[in-house]
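K.L.:
Protein chains in written order, with my numbering: chain A, 51 to 296; chain B, 6 to 391.
Incorrect hints may have been included.
[Stated by the list, open to error] Selected chain A positions facing chain B (Cβ under 10 Å, derived; list incomplete):
#1 Ile74
#2 Val76
#3 Leu79
#4 Lys82
#5 Arg87
#6 Ile100
#7 Tyr104
[Said to hold, decoys possible] Below, simulated PhoX-like cross-link-like pairs (lysine-lysine); rule was C-alpha separation at most 20 Å, straight line:
#8 A/Lys274 - A/Lys261
#9 A/Lys114 - A/Lys203
#10 A/Lys82 - B/Lys100
#11 A/Lys234 - A/Lys287
#12 A/Lys240 - A/Lys274
#13 B/Lys201 - A/Lys78
#14 A/Lys131 - A/Lys82
#15 B/Lys369 - A/Lys82
#16 A/Lys234 - A/Lys203
Simulated from the structure, these hints should not be mistaken for laboratory data.
For each residue, glycine too, the CB sits at the ideal point set by N, CA and C.
This is what each chain is made of:
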Amino acid sequence: MAIRYLDKYPKNLAKSLWVMKPTIVVLKLFIKNIFHRPVTVLYPYEKEWIPDNYRGRPGLRFDKCVGCGMCVRACPTACIKLIEVEDDNGKAVMRPQVNVGRCAMCGYCAEYCPVDAMTVTPEYELAEYSRYDLLYGPRRLHYEGTTEGMEVKCEVTLPSDIANGNPERRVSLFDLDRPELIDKKCIGCKKCAKVCPVNAIEMVEKGVNDKGRPILRPVIDNVKCISCRNCVIDCPKDALEIKEVL
Amino acid sequence: MGELLDWINFGSDPMANAYYPFDSYNLPFDIGYQLWEILGGTIAWLIDLIFPGNSVSTWLMCDAVSTLLALVVFMLLIFLVAFVSTLIVLWEERKCLGRMMDRRGTMVGMKGFLQCVADGLKTFQKENVVPAKVDKMTYMWTVSLVIGVSVLVLCMVPLSSRWFVVDYDTGLLIIMAFFALAPFFILVSGWAQNNKYSLIGGMRAAELMISYEVPMLILICTTALMAGSFNINDIVYAQADSVWYIVPQILGAITFFTCAVAEAERVPFDIAEAEAELVEGWQTEYAGMKWGLVMLADYMRGSVSCSMFVILYLGGWTLPFIGDGPIPEIVFLLKAYVVFFFMSLIRAATGRVRTDQILNLGWKVFMPLSVFNLVIVLLLMTGGVI
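Let the hints inform the model, and build the full structure from the sequences given.
P.N.:
Given below as structure tokens:
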């Protein structure tokens, strides 16, 4: 009978000992694991190394923020909202508030922030006892120890740059875009100057109209401008549009 | 009325007692006897303090009663040691399996040992659920018997020539008989649960037992033939005198190991409880502490298999060139743990074997191998090598 069983493997008798191969593999792994610790990380007690730009909850540097609302527009889950708060001097300013319960931790807000006030932080233990506690106000968003890597930069290289023999990466997308005035649509309502968070727009008189009233036209200071598009969005006559400046 | 120390005659020789129940020196009975002398002496002193000059105190401390109550302590002690060694086996398997799978294994206290205790407490707190349509009497009795027989056979295994429960000429056969008893109860239990999974599991357990009991008994007889006795003491000391029987009987040792794995219903021969296909096999309808004890009984049987392997092939509690050594019990347990490590290794490395493959292996490979092993031993003995 034993012979008939072994007839299945007539050429190689050692194949009947198939059970030895996995056993030896497992024994090797066991011996290896005695000397090298297992790969499991005991999470609550020991934590893994976190990279510099780890995308945890968003953080905010209150004093740097200009309240332009770029993060609100960039947020894919619409969890950021501009609210009115008092700054250190008691002045009412607009600052973002983040609903961390809805936040996808994508880091777009930090990436698109023109003044690098919005950052990512390495905090990921965000459990709270109620939904209300998940609302992070501008002051609560503050994070101690913000490093350079946490201000996630939006680095790009344009094909036109490479063609011009300048393949360096631009640090910010916003060096490229500036609002431009379409002169004949403008009615001189000054709204763009009001909504500009960095006061880059100045209304300048350019002659008088038929009735003898002054014609006001916005002049944009390209150095001050942060390309937040508030003026483009709020313009009642769509007289401003974003153009790429090369 | 006397002092407390008048009643406690600590350090007296139990063998001088007229009712000493064993033939030779027995360490756990000695410990139990001394413990009872302290405990019973205190009780007798207290009774004497309250009712001076009564006869109950003297009755408590007389030879016969001392022996009887020392035996109770002795039983507790034997069970406690066997129980703790089973828990260590359980812990060893969980920890080793973890490392073999690149995990950490259990982590609760004392390098994970307290996880067994935590699991025990958890199952202990569970509700005692009995399904409505089971045959209640057999359902309860069979599981009690499975657990009871496993505990009994575990306590029967001697840890050394001074740590035993019974010491007589057919000790090995008695252990094997009790070891082979459990599958009958498993079969009946599978029937009683009124569940197809349990019934299939029970039938598989019976078929496994029938096919692997035969080569195992042939191997045991071979070893007994070599040692010239069924007495465990004799077998162990025969190995200490000549050579560990794993050397002449390497074929038999491998066969016995495989059969022992199958008898303990462990992976890869765990078709009786086959978690992946039969829910939990014959244990499906047992809940709470019943399941916990059944699981513990499984490990007890695994532990007994390892102990039997150590007794038959690895020289029991003796060490080469040293003999008994100062603490032979520890030597024996350590050897058993080493054998159990290989069982865990097999468990981690192999998948479950099909039913027909198990029967083929049992009848067509291990059965001829065990007979072949017997022939080798006979040739060696007639040739005068051993």
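K.L.:
Grab the minimum C-beta distance from A/Ile74 to chain B and call the hint holds if it beats 10 Å, violated otherwise.
P.N.:
Where the cut-off is 10 Å and the nearest Cβ of chain B is about 8 Å from A/Ile74, the hint holds.
K.L.:
Please work out if A/Lys82 and B/Lys100 have their alpha carbons no farther apart than 20 Å.
P.N.:
The given pair, whose Cα atoms are some 15 Å apart, holds under the 20 Å limit.
K.L.:
When the nearest CB of chain B is found for A/Tyr104, is that gap smaller than 10 Å?
P.N.:
25 Å, violated
K.L.:
Please verify whether A/Lys274 and A/Lys261 have alpha carbons no more than 20 Å apart.
P.N.:
With a Cα-Cα distance of about 34 Å, the restraint between A/Lys274 and A/Lys261 is violated, given a limit of 20 Å.
K.L.:
With the threshold set at 20 Å, check whether the alpha-carbon distance from A/Lys234 to A/Lys287 stays at or below it.
P.N.:
Distance ~10 Å between A/Lys234 and A/Lys287 Cα, so the pair holds.
K.L.:
Would the hint on A/Arg87 be counted as holding, given a Cβ-Cβ threshold of 10 Å to chain B?
P.N.:
With a closest approach of 9 Å, the A/Arg87 hint holds.
K.L.:
Decide if the proposed pair is consistent with the structure: A/Lys234 and A/Lys203, CA atoms, cutoff 20 Å inclusive.
P.N.:
37 Å, violated
K.L.:
Taken at face value, is the distance from the CA of A/Lys82 to the CA of B/Lys369 at most 20 Å?
P.N.:
37 Å, violated
K.L.:
Check whether the Cα positions of A/Lys114 and A/Lys203 lie no farther apart than 20 Å.
P.N.:
Status holds; Cα separation ~16 Å.
K.L.:
Holds or violated: is there a CB of chain B closer than 10 Å to the CB of A/Leu79?
P.N.:
6 Å, holds
K.L.:
Is B/Lys201 close enough to A/Lys78, meaning Cα to Cα at most 20 Å?
P.N.:
40 Å, violated
K.L.:
Verify the proposed pairing of A/Lys131 with A/Lys82, using a straight-line Cα cut of 20 Å.
P.N.:
53 Å, violated
Of the numbered hints listed earlier, those contradicted by the structure are 6, 7, 8, 13, 14, 15 and 16.
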